[in-house]
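Take a look at the letters that make up each chain.
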Amino acid sequence: MKRKVIEEKFFLVLMIISATLIVSIIVLILTSIIIKGFSSFNLAMVSQTPKGGYYLGKEGGILNAIIGSFYIAGGATALATALGIPVVMLMNVYLKADSKVSAVLRLCFDVLWGVPSIVYGAFGFTLMIFFGLKASLIAGIIVVSILILPIIIRAIDEISQTIPEGLFHASLSLGATKLETGFKVNAKQILPGILTAVLMAFGRAIGDAASVLFTAGYSDSIPTSLTDSAATLPLTIFFQLSSPIKEVQDRAFAAVLILTIIVLCISLLSRLLTNRHNKYKI
Amino acid sequence: MESNIKVRNLNVFYGATQALKNINLDIPNKQITAIIGPSGCGKTTLLKCLNRLIESTDEVNVTGQVYVDGEDIYSPKTEVTHLRKKMGLLSQKPYPLPMSIFDNVAYGPRLHGTTKKNELKSIVEFYLKEANLWDEVKDRLSSPASKLSIGQQQRLCLARGLAVQPLVILGDEPTSALDPQSSAYIEQMFLKLKADYSIILVTHILRQAKRIADYIVYMYDGEIIEHGEASDVLNHPKHPKTIEYVSGVIS
Amino acid sequence: MFKLGTSLRSRVRTNNLAYYLFYLIGAISASLVLVIGIGLLIKSYPIIESHGFFNSIFSIDWYPLKSKFGLLPFLVSSCYVSLLALIISVPVCLLTAIYLIEYASKKVLNLFFPIIDILAGLPSVILGVWGVIIIVPFIRDYLAPFFGVHSTGYSILAGSIVLSIMLVPNIILVFIEILKTIPQELREASLSLGATRWETIKFVVLRKSIPGIIAGIILGLSRAFGETLAVLMVVGNVVQIPKSVFDPGYPLPALIANNYGEMLSIPLYDSALMFSALVLFAVVLFFNLVSKLFLNRLIKYLKY
Ligand SMILES: Nc1ncnc2c1ncn2[C@@H]1O[C@H](COP(=O)(O)OP(=O)(O)OP(=O)(O)O)[C@@H](O)[C@H]1O
Ligand SMILES: [Mg+2]
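Protein chains in written order, with our numbering: chain A, 1 to 282; chain B, 1 to 251; chain C, 1 to 304.
For the record, the hints were derived by calculation from the structure and aren't laboratory data.
Some hints could be false.
Here are the simulated lysine-lysine pairs, DSS-like style, with alpha carbons at most 30 Å apart [said to hold, decoys possible]:
1) Lys-147(B) to Lys-184(A)
2) Lys-2(A) to Lys-208(C)
3) Lys-6(B) to Lys-21(B)
4) Lys-129(B) to Lys-210(B)
5) Lys-188(A) to Lys-116(B)
6) Lys-292(C) to Lys-100(A)
7) Lys-9(A) to Lys-202(C)
8) Lys-202(C) to Lys-4(A)
9) Lys-4(A) to Lys-107(C)
10) Lys-147(B) to Lys-188(A)
11) Lys-93(B) to Lys-180(C)
For reference, chain A alone in the conformation it holds in the complex (with noise of 0.2 Å):
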């Protein structure tokens, strides 16, 4: 009886620890970069782009590259949300549960969401090649929207399968067809779920280094058309840190902090989103 209680108590304390060991070490990581990177942040890092012998520790900032991280997340989420919801509604809505279409699909989505981002970025930048197109915004949209598609779709699949299916049928009873349902009474049922994916998505797009590396290329100044090659947080992280000189490298832990911050707001955007009640959700 003893012993029983022993291994009780021994096994609860190891639960305890590795808890408050994984805690320890996300506020271990959070306060160091916040650290490290307040000590090099000042305001023309988030002001301006890069001037010239920026990249020898003179003046400027790392404008080009959040602006570029902005166009390239947002306009990814874009694409991604409006190819994924079709593809959710086909599953969700025009098929039927055990349709067979459907396990294919949500099959090949699952392997899609598996795939590194480093073969997304590889494979692109082939396809680049081969249709001659050079590193630009507008490959790094497509590319990092072909990686995030699988994340959105199925993150809103999963919530539409908590969606009561009388709720389905009152509204095609009322003589709805399924893309008016699909459209008026699903998605506004899981809106907020539907909004935390989008952000969730954003989020994953915006960190994204790997499949960017190849397709938008780099550049010091703000992008004005698609076809302008554009720098990224990450990229912009990713470089400076491999130089050698400190003032550069330091500006590295500054643009950590700036994307740190953007995807904590993005992380406590959402909990407020599904922590806020959806007044109309039956």
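Following the hints, complete the assembly by docking chains B and C with the ligands onto the known chain A.
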């Protein structure tokens, strides 16, 4: 007896199990038809066949014909959206749409092409009054429908269904989730509505059938055992199974 | 009575058109799996043809200028880093998941999940930077000297530590999902037979969820295999078969990231890199399908 809804040789299979066996039935116009029978005998299935919601079930196979206004609803030519507009549905549990009370009632008319604000307002008022709900909600039309009580929600669903001007009202145990008072409301409404609509009501409650039904269909294990005028079936049942059920042996 | 409009025809047509359009979008986007697989296969065909499939994979010589493209050092590094990361991550995650599901109060859960969410949302480059400023010096200055070896800190170990942290949200969430699917009645039945809570976990909950846990681990492995930037930044990127965890390594994704797009003038170089992308893709595909198989089995197992 006039009938606009005729069921002919209808069979329904869920996978390998047969849920409806060779159903033949004429539903009388502008009367309340109650479908009764023990649990699992196929009442819901039969009802779902009438507006083809059965088709959204997994692994289902339907054979036979259902004629609505002389048109076979299972023929490929029939437009299911059109059919469903004709067949209003009141389900067991109310499912208000995820929008305001006003929009719930206006949903159907909007879909079917009414967009003028004033017109919608009078439509909503008319049908909410028709469903005996207007006085309770007239001051909070823009609040979410999900905030209503279950009984109110069911009346809202009725108003919503009436607003698309169906020919038939299908009710699948529409009072089973409600309190006695709300149930009584719905029953009274059915008695009023049968002047304009044919009403088909699945019910578990024999007393409810006795109170409001004009015509009774008694089902057992996927078959129609007996059907006819309510007074005949309830007072002078012929089939032994019906006798057992009506006298309360099977439930 | 009110008159309703009669726009039914066009509404139905829109509905049907949308169906075909959605079908098309679905088919095209799902077929990306095939497109990518076949595309990579075509691009890596030259190297397979001239060097042979197994020769490329199992050769340890990587000298692009001499047209030697052995992928073994990269594969070995990838395996080392991924497996080590899982060895670090899985026990901690499993213990935590059990704690959260079986013991923790609502309050703890409400605190824990947002924190895990933050980690899940952190871009890999940030974890890479963190690895560079914390883990690498820690290994160089403390851990390696403690074991009496010399290390720059940029090592297999650094890569696996960073990777193990990145995997935490993924793995924990899968484990939690699995533990949640174990019906409450099973626990209650065991408890009412006089088993303690821990015994119930050990003999009922864990036993029932083994296929799921394996599925979660395999899924984690596939994630680990493909992770690029965070590992690349701390692992050293030296082409060799690492002999100890303090040696630098050079995982497959890092190879592609560091070299692709440059030096494409070297014959077959581009094809060799595409071949490594193909290997990566195939590994991920395989792991994904296997883990799905396990999960399906779990679901069946729980049903009957
Ligand atoms: N989706 C389904 N898949 C397989 N079998 C089903 C399905 N729906 C119903 N059934 C079966 O078909 C038969 C008839 O079901 P139905 O729901 O029509 O019964 P019911 O008369 O409405 O019962 P209740 O009074 O309990 O609502 C039952 O045996 C039921 O198990
Ligand atoms: Mg029923």
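Verification of the supplied hints:
The suggested pairing of Lys-147(B) with Lys-184(A) holds, with an alpha-carbon distance near 19 Å, which does not exceed 30 Å. Under the criterion of a C-alpha separation no larger than 30 Å, the hint pairing Lys-2(A) with Lys-208(C) is consistent with the structure, at around 26 Å. At most 30 Å may separate the alpha-carbon atoms for a hinted pair to count; Lys-6(B) and Lys-21(B) meet this at roughly 16 Å. Taking the CA atoms of Lys-129(B) and Lys-210(B), the gap is near 27 Å; set against the 30 Å cutoff, the hint holds.
For the hint linking Lys-188(A) to Lys-116(B), the alpha-carbon distance of about 23 Å falls within 30 Å, and the restraint holds. Pair hint Lys-292(C) plus Lys-100(A) holds up; C-alpha atoms about 16 Å apart against a cutoff of 30 Å. The suggested pairing of Lys-9(A) with Lys-202(C) holds, with an alpha-carbon distance near 14 Å, which does not exceed 30 Å. Taken as a hint, the Lys-202(C) and Lys-4(A) pair is honoured in the structure, with Cα atoms around 12 Å apart against an allowance of 30 Å.
Restraint check for Lys-4(A) and Lys-107(C): satisfied, since their Cα atoms lie roughly 28 Å apart, inside the 30 Å limit. The suggested pairing of Lys-147(B) with Lys-188(A) holds, with an alpha-carbon distance near 16 Å, which does not exceed 30 Å. At most 30 Å may separate the alpha-carbon atoms for a hinted pair to count; Lys-93(B) and Lys-180(C) meet this at roughly 28 Å.
Comparing the model with each earlier hint shows no violations; every hint is respected.
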